[in-house]
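Given the structure of chain C, go ahead and fit chain X onto it with the hints provided.
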Amino acid sequence: MGRYSVKQLALWAVLAALALGLSTLDGMLPLSALLPLPGVKLGLANIVTLFALYVSGAPAALAILAVRCVLGAVFAGNASALLFSLLGGFCAMGAMILARRFGGLSVFGVSLCGAAAHNVGQIAAAMIVLGDTAVVGYLPFLLLLSLVTGSLTGLIVSRLLRAAVYLPLS
Amino acid sequence: MSLKSSPPECRPNRRDALAALVIAAAALVIALSFYYDNAPAGSASVQVSVSVGGRVEDFSSLSRYAGVHTYSCNGYTLTVSCDGAEVQVVSSTCPGQDCVHTGAVSKAGQSIVCLPARIVIRLTGGAADLTVG
Numbered sequence: 001m002g003r004y005s006v007k008q009l010a011l012w013a014v015l016a017a018l019a020l021g022l023s024t025l026d027g028m029l030p031l032s033a034l035l036p037l038p039g040v041k042l043g044l045a046n047i048v049t050l051f052a053l054y055v056s057g058a059p060a061a062l063a064i065l066a067v068r069c070v071l072g073a074v075f076a077g078n079a080s081a082l083l084f085s086l087l088g089g090f091c092a093m094g095a096m097i098l099a100r101r102f103g104g105l106s107v108f109g110v111s112l113c114g115a116a117a118h119n120v121g122q123i124a125a126a127m128i129v130l131g132d133t134a135v136v137g138y139l140p141f142l143l144l145l146s147l148v149t150g151s152l153t154g155l156i157v158s159r160l161l162r163a164a165v166y167l168p169l170s
Numbered sequence: 171m172s173l174k175s176s177p178p179e180c181r182p183n184r185r186d187a188l189a190a191l192v193i194a195a196a197a198l199v200i201a202l203s204f205y206y207d208n209a210p211a212g213s214a215s216v217q218v219s220v221s222v223g224g225r226v227e228d229f230s231s232l233s234r235y236a237g238v239h240t241y242s243c244n245g246y247t248l249t250v251s252c253d254g255a256e257v258q259v260v261s262s263t264c265p266g267q268d269c270v271h272t273g274a275v276s277k278a279g280q281s282i283v284c285l286p287a288r289i290v291i292r293l294t295g296g297a298a299d300l301t302v303g
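Chains C and X, in that order, give the protein sequences. The first sequence maps to residues 1 to 170 in our numbering. The second sequence maps to residues 171 to 303 in our numbering.
Same shape as in the complex, but just chain X:
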């Protein structure tokens, strides 16, 4: 052990503050670029895309997606509810329940992710209204 010969600096210094600023700036830049890329092109056509195990299972306008949908992947099952204006995972058999705790999403750029089930529900905006799967 080399602690006694060269003790590590245990007090915060200015470079630590600089590192924290760089991390915060990186978070801001990523947030801006991500949400700019997913910004709604027209509020009238929010699309919902459901990816299950890397494959798009559903893609339609939020209004046409209304109803209760069930998706299963990797041994877990999610029940998704949509009232035509917002989408939420109402129940899941996954251990963490992060997808359920996320609550309802309604704006383009928002998403609900269930890592154990490998399911991504993503809202986008501005695309033409079509249904896949």
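Isolated chain C, as found in the complex:
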């Protein structure tokens, strides 16, 4: 652990706690009453994941994501929730790492790729849990919705990153 300063570890712990809080808040929003799609969410926790990816790098962002997924499932007391959040989260993270490294995209584009990949991962989890491909029919709607949620996340993270330049985060 000598590789990381106390300041870095404290920052990652705060980001993990923030991601967990946003994820819980996301689950409480009655979005499914407006859009009756299984698993539809704003993806607020992805704001933290994307911010961590730019500020602290991929390994730290992956660790924050894993902590958020595991603790979220523990607090929810739902084992299948872990599969959904892990598959969705790691698909999103993989897409964002690749998009950032090779895509020549801005924060908005990286966020769009992450939001879309998150939905693909969640539909894959639903197919595994249900043992049925019927949920694939929801994927087009979720992908179109990810254009909105991904843009929103990108907008928030771009503002945060502009502000973070002036903060002594390292």
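There's no promise every hint is true.
Simulated crosslink set (SDA-like; lysine to any residue; CA at most 20 Å straight-line) [unchecked claim]:
1) Lys-277/X / Thr-133/C
2) Lys-277/X / Phe-141/C
3) Lys-277/X / Ser-251/X
4) Lys-277/X / Asp-132/C
5) Lys-277/X / Lys-7/C
6) Lys-7/C / Leu-62/C
No wet-lab data here; the hints were simulated from the structure.
Leaving out everything else, chain X in the frame of chain C:
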């Protein structure tokens, strides 16, 4: 932190628009292929298939499925109503209530999914009329 040495591009660029187009195109392709695969072969024989925990519990024509049905799985119970023309989940003990909010479905290719209860109600078309379970 490497922000000061290489600030990330915070303004949307053309490649972002291209990424959005690719995602929208993927959504369109998946939608077309999914609904083409589930397109009704004959409007007279819409079938309803109910899968509970990965196992098909009911499979019959929409008209023969008419009535009120109850399914339980994973600690949750769904009450499904069918009037012979459309199917809907009228009540559920699941936390999200997505299955209830989906409303009534009547066309081949449509489905109602309850993830917590692991129940899928799917309408298909064109198959022979038979009942399982």
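Consistency of the hints with the structure:
The straight-line distance between the Cα atoms of Lys-277/X and Thr-133/C is roughly 17 Å, inside the 20 Å bound, and the hint therefore holds. The straight-line distance between the Cα atoms of Lys-277/X and Phe-141/C is roughly 18 Å, inside the 20 Å bound, and the hint therefore holds. The suggested pairing of Lys-277/X with Ser-251/X holds, with an alpha-carbon distance near 15 Å, which does not exceed 20 Å. The hinted pair formed by Lys-277/X and Asp-132/C meets the criterion: a straight-line CA distance of about 19 Å does not exceed 20 Å.
Restraint check for Lys-277/X and Lys-7/C: not satisfied, since their Cα atoms lie roughly 58 Å apart, outside the 20 Å limit. Restraint check for Lys-7/C and Leu-62/C: satisfied, since their Cα atoms lie roughly 18 Å apart, inside the 20 Å limit.
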